[in-house]
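Asker: Letter by letter, the chains look like this.
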Amino acid sequence: MKKLGEKLLKKKFIMSFISIFFVILLILLGISLAFKNSSSNNITLNVYNWGEYIADGTDGTLNVNEEFTKQTGIRINYSTFQSNEALYAKMQSGGTKYDVIIPSDYMISKMINQGMLRELNYNNIPNFSFIDDTFKNSNYDPENKYSVPYTFGTVGIFYNKKMVQENEDSISFNILWDKKYTGKILMFDNPRDAFAIAQIRLGLSVNSDNVNDWYRSAEELKKQKPLVQSYVMDQIFDKMGNNEAAIAPYYSGDAPLLMKRNPDIGFVIPKDGTTKFVDAMCIPKDSEHPEAAEAYINFMCRPDIAIENIKYIGYSSPESIVKENLDPEVKNSKICYPDEETLNNAQTFTSLTNEINSLIDDLWVSVKTDGDNNNPFALVLVILMFVLLYLLAVIYQKKKS
Amino acid sequence: MKLKPSAIYIIWMTLFTLIPMALVLYFAFTNPMGKFTLDNIINVGRYSSIFLKSIWLGALSTIICLLIGYPLAYMISKVNTKYQNIMVMLIMLPMWMNFLLRTYAWMTILENNGIINNILSSIGIAPLSLINTSGAVVLGMVYNFLPYMILPIYSIIVKIDKKIIEAAQDLGAGKRKVFSKILLPLSIPGIISGITMVFVPAVSTFIISKMLGGGSNILIGDLIEMQFLGNSYNPHLGSAISLVLMILILISIGIMNRFDRSSINEDYMSHH
Amino acid sequence: MKILSKIYVGVIFLFLYAPLVVLVVFSFNESKSRNTWTGFSLKWYEKLLSDTEILHALVNTLIIAAVSAIIATIIGTMAAIGITKMKKWPKKVVMNVNKLPMVNPEIVTGVSLMLLFVFAYNSIGILRPGLVTLILSHTTFCLPYVVLSVLPKLRQMNPHLYEAAQDLGCHPFKAFVKVVLPDIMPGIITGMTMAFTLSLDDFVISYFTSGTTQTLPIAIYSMTRRIVSPEINALSTILFVVVLLLLLVINFRQINELKDKKS
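Protein chains in written order, with the numbering used here: chain D, 10 to 410; chain C, 14 to 285; chain L, 358 to 620.
There may be inaccurate statements among the hints.
Claimed, not checked - Simulated crosslink set (EDC-like; lysine to aspartate or glutamate; CA at most 20 Å straight-line): (1) D:K231 x D:E350; (2) C:K95 x C:D183; (3) L:K510 x L:E520; (4) D:K320 x D:E338; (5) C:K17 x L:D408; (6) D:K106 x D:E300; (7) D:K79 x L:E410; (8) D:K280 x D:E350; (9) C:K175 x C:D52; (10) L:K389 x D:D65; (11) D:K234 x D:D222; (12) C:K194 x C:D174; (13) L:K389 x D:E364; (14) D:K79 x L:E520; (15) C:K48 x D:E364; (16) D:K154 x D:D142; (17) D:K171 x D:E76; (18) L:K389 x D:E177; (19) C:K194 x C:E179; (20) L:K404 x D:D371; (21) D:K170 x D:D273; (22) D:K79 x D:D313; (23) D:K189 x D:D142; (24) D:K320 x D:E75; (25) L:K404 x D:D65; (26) L:K400 x D:D65; (27) L:K404 x D:E75; (28) D:K269 x D:E317; (29) D:K106 x L:E410; (30) D:K269 x L:E387; (31) L:K404 x D:E76; (32) L:K400 x D:D68; (33) L:K531 x L:E520; (34) D:K269 x D:E177.
Said to hold, decoys possible - Now the stretches of chain L that chain D is said to cover, found in silico as 3 or more residues with beta-carbon under 8 Å: (35) 364–377; (36) 474–481.
It should be emphasised that the hints constitute simulated quantities derived from the structure, not laboratory data.
Think of the CB as a built atom: it goes at the ideal place given N, C-alpha and C, for glycine as much as any other residue.
Only chain D is shown next, with the shape it has when bound in the complex (with noise of 0.2 Å):
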């Protein structure tokens, strides 16, 4: 009689569970299909950038993508990535139905000749007219078929000023090799700006096609690494605003922003040269809505969505109606709108030859592992050692049976 008592009431708990266990589900499938039924009578655009590259409603600002759905009922789903190098290998890892891509220059040269940015038709981004004549038909993208330039700046150091006891002038990238600064050094984590830094440094062009001038920039970069707290990119927002790192190169778009968060912080351009890029919107060759597509590069240019932009996001905009809009302070900064001289003096990357590229992978991974024993002998022996153990193990087990 008890065991039937308590085989009850286990089928009993059994089915209670089950059936709360369903009506959750089904709340929960109820409630994801009202949401998504709530907006699948639109389009959705799939719009992949750089974090932290767009007034997202913080602090007060204008949320670009709400309004653009707001004005177009057109939806966005937006995502954000790392590095030029990973925009890259996702969309090569195929698959992947981006509308709007915001790579920079040499990248964008790069896709061109892979052939995967579609002709933009210019008819329909009128507001193209706005961006300044200085950034069309660059050497990018000669005859301006595939990109709308979004911002420009150039690469420079930050710095705290409470941990840095070198005064602005005499700040360059040879901190980053000081040895004074050990722990305290933020690095680029994609290698084309890591590269660069120690080009500058060498005095070489940072399009080198000479495979031994990208050897000696490794070598310099090996020697920094021991100095390197970790390689980041938007990171370094979280490190040099809570004052974990003393020194970090990075975008000088970045700099408002930071410099906001922690006064501390110091942002200098340095003298003996760097680089400078633009981003540019481009529509990937597989996009499904193209046309919503431009309607979105096209918002995102007209000037008064563009200024409340830039205000945010504080990089430098290609647009002269943006800048004259914007406050005093940030259009007369020598930051965001470097004068001729640090312009001129500053170099473009270009797209590679296919060998440079992959030499560039190999030496990446090689500078970050560096300071290991990489012997091919070693991971050999490793696996040998662990099929020896495996026999062994099988003997012991014929012996103990």
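Following the hints, put chains C and L in place on chain D, whose structure we already have.
Answerer: Quick look at chains C and L alone, frame taken from chain D:
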């Protein structure tokens, strides 16, 4: 012909487990033109230090998990049955929080201006550099995978017949002897599945090292991710690295299974 | 000795819960800082609830978890029934294949599925990475767990019961529903809950097979790589409280039932 109930399953597993594995194999032995090549496999050798480091850190955290986890599993099995369930639940509970978030929380604790160092400096001790070291990576692994060690060991120990232990004690066996002659040998199946369940994810992790290791402690997982979605796109090399990793892990599971044939097979699940 | 072991258990639990406490406490912090307390505020919770990006990711995650748990449970249960009837050799082969997704490192599973979907998309134009491929891959890594939790229950069952029901004139399907199903139900439920939770928490495999679709773990990952906002902490606190409540409800029922049994 009558369709067997397992037909869909067999088709499913072929499509989504066997064919993908075959694709990894195919990619590992071809170049971008689709021609056969051994270059990828040979090139894996260049990253042997990463393999060694991953295996070393993985093994280290597995051993630490075992040393911490075994006594705990044993203690849980000793308490009142009513509290046992609660304690097991308390161990599983943190696993319900997304592991990225938990690892991220460790960043806050270990940082130079983090909680530990703040406490240390408030009592006048010089700050330690904790984050961005291999030690932090091991800590992250131990933290994330410790429950996988405790639970299988616990579920074995709790099944051991108390009478056997009592009998041994009656026959005059001391505590140490009871442990080494009875408890330990009987709990080996749990230890084995614990070791595999910790070692496999620890060796192949790619987030923990990124978050706590400071980007210069890269492990096999990071290397594979770099080849597929990271800074150096090369799925062929990535597949070759995955293949070598898979072989290493299959061999180590083979070794483990030799010591106890019942681990990771259907019997393991029935312990739950 | 007793006290020592209590301290030991206490230290381990401190270790397990310290990060969670940190996350929860700083979700109520006023400023953005991750390590300095500036005052109590609920603003990160408000922000979170108006963050459509995260809410959409949450919805995707729930859809994927629910659908793949259901599919995996149905296919897995049928598979388990088939496997018990198999001969020795086919059974061994199937059981070994079943182990593969469990013992394979997650990253290798993710990468291999990514290769499959990309191959399928590039050659036949189907299975473009997105919601569908996420469901397919989640079902794949959940299936073995369902099979393994149903199998032991089937083995414990008395095989003659099913035959007896049929002998007594019961339709095979009805016999299955009336006789077999109730007996293996606990196994099915374990499998389904396991599948559901595994899918909810999965990051690595989703990361490689998601295409442009965002799930919660993927959104969290990209959040940890940008300016980190305490919204993350708020989100984890909410998730944690929900899970805690669910588990408490279930556990209280169990304890009550234990008490009922004893009395």
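Asker: Does each hint fit the structure? Answer for all of them.
Answerer: Now for the hints, and whether the structure bears them out:
{"no.": "1", "hint": "D:K231 x D:E350", "verdict": "violated, 31 Å"}
{"no.": "2", "hint": "C:K95 x C:D183", "verdict": "violated, 28 Å"}
{"no.": "3", "hint": "L:K510 x L:E520", "verdict": "holds, 17 Å"}
{"no.": "4", "hint": "D:K320 x D:E338", "verdict": "holds, 12 Å"}
{"no.": "5", "hint": "C:K17 x L:D408", "verdict": "violated, 48 Å"}
{"no.": "6", "hint": "D:K106 x D:E300", "verdict": "holds, 15 Å"}
{"no.": "7", "hint": "D:K79 x L:E410", "verdict": "holds, 15 Å"}
{"no.": "8", "hint": "D:K280 x D:E350", "verdict": "holds, 10 Å"}
{"no.": "9", "hint": "C:K175 x C:D52", "verdict": "violated, 58 Å"}
{"no.": "10", "hint": "L:K389 x D:D65", "verdict": "holds, 16 Å"}
{"no.": "11", "hint": "D:K234 x D:D222", "verdict": "holds, 18 Å"}
{"no.": "12", "hint": "C:K194 x C:D174", "verdict": "holds, 14 Å"}
{"no.": "13", "hint": "L:K389 x D:E364", "verdict": "violated, 45 Å"}
{"no.": "14", "hint": "D:K79 x L:E520", "verdict": "violated, 64 Å"}
{"no.": "15", "hint": "C:K48 x D:E364", "verdict": "holds, 18 Å"}
{"no.": "16", "hint": "D:K154 x D:D142", "verdict": "holds, 15 Å"}
{"no.": "17", "hint": "D:K171 x D:E76", "verdict": "violated, 40 Å"}
{"no.": "18", "hint": "L:K389 x D:E177", "verdict": "violated, 28 Å"}
{"no.": "19", "hint": "C:K194 x C:E179", "verdict": "holds, 13 Å"}
{"no.": "20", "hint": "L:K404 x D:D371", "verdict": "violated, 43 Å"}
{"no.": "21", "hint": "D:K170 x D:D273", "verdict": "holds, 5 Å"}
{"no.": "22", "hint": "D:K79 x D:D313", "verdict": "holds, 16 Å"}
{"no.": "23", "hint": "D:K189 x D:D142", "verdict": "violated, 45 Å"}
{"no.": "24", "hint": "D:K320 x D:E75", "verdict": "holds, 17 Å"}
{"no.": "25", "hint": "L:K404 x D:D65", "verdict": "holds, 12 Å"}
{"no.": "26", "hint": "L:K400 x D:D65", "verdict": "holds, 16 Å"}
{"no.": "27", "hint": "L:K404 x D:E75", "verdict": "holds, 15 Å"}
{"no.": "28", "hint": "D:K269 x D:E317", "verdict": "holds, 17 Å"}
{"no.": "29", "hint": "D:K106 x L:E410", "verdict": "holds, 18 Å"}
{"no.": "30", "hint": "D:K269 x L:E387", "verdict": "holds, 17 Å"}
{"no.": "31", "hint": "L:K404 x D:E76", "verdict": "holds, 17 Å"}
{"no.": "32", "hint": "L:K400 x D:D68", "verdict": "holds, 12 Å"}
{"no.": "33", "hint": "L:K531 x L:E520", "verdict": "holds, 12 Å"}
{"no.": "34", "hint": "D:K269 x D:E177", "verdict": "holds, 18 Å"}
{"no.": "35", "hint": "364–377", "verdict": "violated (count 0)"}
{"no.": "36", "hint": "474–481", "verdict": "holds (count 4)"}
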